[in-house]
Amino acid sequence: MTQVNRIGRGQVDFTKTLKFSFDGKSYTGHPGDTLASALLANGVRLMGRSFKYHRPRGPLSAGSEEPNALVELRGGARQEPNTRATTVELFDGLLAKSQNRLGSLKFDLLSINDRFSNFLTAGFYYKTFMWPAAFWEKFYEPIIRNAAGLGSLSLKDDPDVYDKGFLHCDLLIIGAGPAGLSAALTAGRAGADVILADEDFRMGGRLNSETFAIGDASGADWAAAAVAELASLPNVRLMPRTTVIGAFDHGIYGAVERVSDHIHTPDAGKPRQVLWRIYTKQTVLAAGAIERPIAFENNDRPGIMLASALRTYANRFAVAADRRVAIFTNNDDGHRTASDLHARGVKVVAVIDTRAEAPRSMDYEVLHGQVIDTKGRLGLTFAEVKLADGSMRTLDCGALGLSGGWNPNVHLTCHQRGRPTWNPDLAAFVPGTDLPPGMTVAGAAQGDLSTAGALAGGAKAARAVLGLKGRMPVLPEAEDAPVNITPFWYVEGCSRAWLDQQNDVTVKDVKLSHQEGFRSVEHLKRYTTLGMATDQGKTSNMGGLAIMAELAGKAIPEVGTTIFRPPYTPTAIGVLAGRHRGQEFHPKRLTPSHKWAEEQGAVFVEVGNWLRAQWFPKPGETHWRESVDREVLATRKSVGVCDVTTLGKVDVQGTDAAAFLNKIYCNGFAKLAVGKTRYGLMLREDGIAMDDGTAARLAEDHFVVTTTTANALPVYRHMEFVRQCLCPDMDVQLISTTEAWAQYAVAGPNSRKLLEKIVDQDISNEAFPFMACANITICGGLRARLFRISFSGELAYEIAVPMAYGDALMRKIMEVGAEFDVTPYGTEALGVMRIEKGHAAGNELNGTTTAQNLGMGRMISSLKDCIGKTLSQREGLNADGDLRQVGIRPVDPNDPVPAGAHLMNADGPIDAAHDQGYATSACYSPNLGHAIAIGFLKNGSDRMGERMRLVSPLTKVQVDVEITSAHFIDPEGERLRA
Amino acid sequence: MIIDHPLLGPRDSAEFTYMGDARLIDRPDPDAETAAQDFYEYGYLRGNPAGWHDELWFHEAGDRSWLVVTRNTLTHEISKVQLARDVARSRGRSK
Amino acid sequence: MHDLMPITALGGTEARIDAFDHVTITENDGLALASVAARMGHEKACHTVLEKLLGAVPGPGKAILHDPEAGFWMGPDQWMIGAPRDSHELLADQLSDQFGETASVTEQSGAWVCFDVTGPAMLDLCERLCAVPIRRMVAGDAQRTMIHQLGCFVIRRQDADHIRILGPRASAGSLHHALITTAHSVA
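Residue numbers (numbering that gives the first Met the number 0), protein chains in the order written: chain X, 0 to 977; chain L, 0 to 94; chain R, 0 to 186.
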């Protein structure tokens, strides 16, 4: 097919031809085209179907405000729904499909909805699908889900990558039309750090769409020269294809740069889009204005579009939407389209102006009247005109341009609660006075709709925000026509006259919503869905407001606008996620022996971003319990080794270090001897247990504190809070050393024998007793730290070396431990052994339990103050019958004891009112040969030996259990001290 | 938001962790006769004004300073940023 | 001497180098690090030792790129000192001797992974990784910031095309991945 609608020249490169396909049919276009301009050039006006009624639709606009011409772009996993054909830059091999149709675009079976439009008016969901209730899930919802939405998703993973980035500048200029370019030239020449961002792939804004001259050059040539000059300035960053999507607090702007959308497939490793966070001191918003249509019966046929869009297609893309065109306008700007089109040889059938005082023309007929209806099943064929004298005319035309006036693009001025104000001269909202701090608006966005006004406004704004002194430079001469408009929103008596073409909201719907009592503009929006489509009502909201105001007998500014929110245009979720997806959703933390653990076939679990070995399956083991049971038994029998590098570690130094620990731990540390370690429990100020760990005193003024793996960060933050905010004069210095030291627990009766083979010093029970700590050396000289502490309840040590040597130490331990059958164990075995010993962990320190609940009430020192002490004494935390930590064992050793299940008395009802407590941690104890649990029970310390029921109504488990001490193994702790 | 760090200059609030009312600095005297009531009020009765508010922010991804940020919760305007340590000292906190 | 072989932060036996057309990312495995925090009441004395060591006291956001020991500001009254590991394996002990009771010294050698980023695309790379105003930073500027959710130090070195990034060692792999994928984007 040839490009039948090409007219003359534009900013399209006719020397190159691009092939593309729409709905399976091949077409050609040229570099510089959009998909919409290329389709129009090929005589294709029908590009989509509307949301609700499946009405045939073509482009309304030539920009990002487009409600109608939405297509599915590309194929396979890269298929993207709801892409605006008016902004898609044409590339060779482009593939697009129309959407929201059942059957072909020309014979959409769902267009039957249009016949039933009486049932599908505003609020039809609420009215139609009320009853019977049972129908909702089975019947209504599937049908609605099937019919709803526009394009379809590929349901495949997005194969493209997206970057995020950060930019800093003195001045961000949004929009590269005459005002933006003028501002950028002024600021750039003055040496400021400038970013100029424009959503279009060709900078220049309306200058590319108009025939005006600036000085001696055409507007488009002047823009090209300005862009070239700006590109040569090192302090100016030009960002075409970049949409500023939001204005956030304190001069932070979000911008999406479409890096690869204009090519077939992104180059290997290159992002498709980049989400920039721009930090700027000042902003000039030069976002231009958007023309608005006029509502009349059947105003949505393909071929009916904004008059300015017809001008853009003709002047920029050298395309006539049709060879016979009419214009319907309420202002002088509509006449420009007529004269531009006429100059390009397009037949202007007539200009229909609602005003009696319309400009006249020698070249075409100007009628005083209104377009009241149109004809044409899949595209406009005739327009019915009612003249002011009451007579009727039928115009034979394939395109009809609408000009209802221009709306300054105030969107970004309102992102921080700003509200636009009404300008009666323009019959439009203009930016209010409550702009985001640092923002200045210039050009058409400010309501300066002439080219000269935009050039001057841009220059002035840049000079003002940068504080430039001296005379204003002479600007080139440019068009400076005044705005002549008489507001006209819709044709009297029309009903199926479209306001929001994408969501199929008509004048009738707005009237209905008023009739049904919706008075607030926000309610109107939600009831009718006006402005809720992907275009967010850029071309439709004003019309709806005007009609609402008229019905309510109010002025438009009294009705006000709905709130404008980011993003300015639809934004892919992928670019918001950036690189943070899949495996890279958040960073991983690996211990230095990770590779070694992988070699052993370890199964890993994520804890606080760390990957920890959960267990180490051996050949022949088919169930994780086999591995875990083996690891537990081997450790308790001989010796096991576990990577505990992940524990949080904080270096605490200073002459007040001990006093500081006294403050953050409920138990005392002042008297801890150098070379000794002590268990510590930290409380929150409200008396609830926060975290636990150990503090090892390496010197009078030097402690090493450990935290649980998951709480390392919040505990460090808390310690800094106490240091800086509560005890600012304490001589204490903190620094995290979590990642500085690799640490391994070596546990079991043979642990000393094993370590004696690598530690250079005497670690006999006498020289290095239970809870000792020391700086040591290993293997003939490597610096290390040794702590005789035990989580497993066995004779045990934790040994630490600088991170780089962790891998070597692990391998060394395995090597020298071979004679003791040293067994690596993971977090599951660690958990089993600590439950067997009744040690509290995260399940017990769960944010609701006190030291008293944990059976550690007596640890709270009476001799000193500590965080949480005063409130831990509150009556409610010390009532009779409080929860106490207990052990739970099944009466029948074959029964499970599930964690999370609740304890109920042996007799009586099972309900929340009779709840006695709950199990927090449970496991199978290979040493005891049955399941065990620890948990909390009311008055638990006094109920040892009591028979109870452990129930989980959710999983329908009920087990007879016996309450025991939580210390299932070696309750006297003899093994620890061996 | 941008927090103008007293030592480091303007920094993105994304680098900070928020902890709310800066009156947390005024930890009551645990030895006072009214300590129980004082701590109860300190812990539970905090302001949540729609307007100017002194707040604690921790520069977690920065220099690990706690800051007192005076911020309008309605507009997000920030009028003052101080090192919490200095504020604590000026309010008589010591060891 | 012990026979334990260290591994690099990325888990290799040798430091990794990734070269792209316009940027090169080199794992720097040769750094010894230790933090120094002034003891309360000894701030001046601590500064005197710092001056002797580095030639000057690094102020907020600044590094002193001195040889063999260099240092940068970490927080109020706290600095990180770095030196070649070959000559300063026991840097923390050496510093402890020098600072005596004027400062708390903590070994940090194991805690960090260090990447040297060089080449003309270095700035493009950096501005896709973190919010620091990298183009406005000059030699000797050192900022702590977030890269891929990780708290990192970004230091502009003496050469115009050299940036040093210190990140948490346990996440060396994730940080490296972020650097490499971004290098593909820009180089």
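Keep in mind the hints are simulated off the structure, nothing from the lab.
We treat Cβ as the ideally placed atom computed from N, Cα and C, and that holds for glycine.
Any given hint could turn out to be false.
[Stated by the list, open to error] Looking from chain X toward chain R, a few residues come up when the C-beta cut is under 7 Å (computed): (1) Leu589; (2) Glu738; (3) Ala807.
[What the hints assert, rightly or not] Here are the simulated distance ranges between beta carbons: (4) X/Ala463 with L/Lys94: 46 to 54 Å; (5) R/Ala44 with L/Gly91: 22 to 30 Å; (6) L/Arg88 with X/Gly268: 48 to 56 Å; (7) X/Arg716 with L/Arg88: 16 to 24 Å; (8) L/Arg45 with X/Ala554: 41 to 49 Å; (9) R/Gly58 with X/Ala463: 51 to 59 Å.
Inset, instruction - Evaluate the given range 41 to 49 Å for the C-beta pair formed by L/Arg45 and X/Ala554. - result: 45 Å, holds
Inset, instruction - Confirm or reject the claim that L/Arg88 and X/Gly268 have a C-beta distance inside 48 to 56 Å. - result: At roughly 52 Å between Cβ atoms, X/Gly268 and L/Arg88 fall inside 48 to 56 Å, so the hint holds.
Inset, instruction - Can you let me know if the beta-carbon spacing of R/Ala44 and L/Gly91 is within 22 to 30 Å? - result: Cβ of R/Ala44 to Cβ of L/Gly91: about 27 Å, so the range 22 to 30 Å holds.
Legend entry - X/Ala807 as chain R interface residue, shortest Cβ-Cβ below 7 Å: For X/Ala807, the interface hint holds, since the closest Cβ of chain R sits about 4 Å away, which is under 7 Å.
Legend entry - Range hint 46 to 54 Å (beta carbons of X/Ala463 and L/Lys94) holds or violated: 53 Å, holds
Inset, instruction - Given the range 16 to 24 Å, decide if the beta-carbon distance of X/Arg716 to L/Arg88 lies inside it. - result: For L/Arg88 against X/Arg716, whose Cβ atoms are near 20 Å apart, the range 16 to 24 Å holds.
Inset, instruction - Given the range 51 to 59 Å, decide if the beta-carbon distance of R/Gly58 to X/Ala463 lies inside it. - result: 35 Å, violated
Inset, instruction - So, X/Leu589 near chain R? Judge it on the closest CB pair being under 7 Å. - result: 6 Å, holds
Legend entry - Hint validity - X/Glu738 Cβ closer than 7 Å to any chain R Cβ: 4 Å, holds
In this structure, the one hint that does not hold is number 9.
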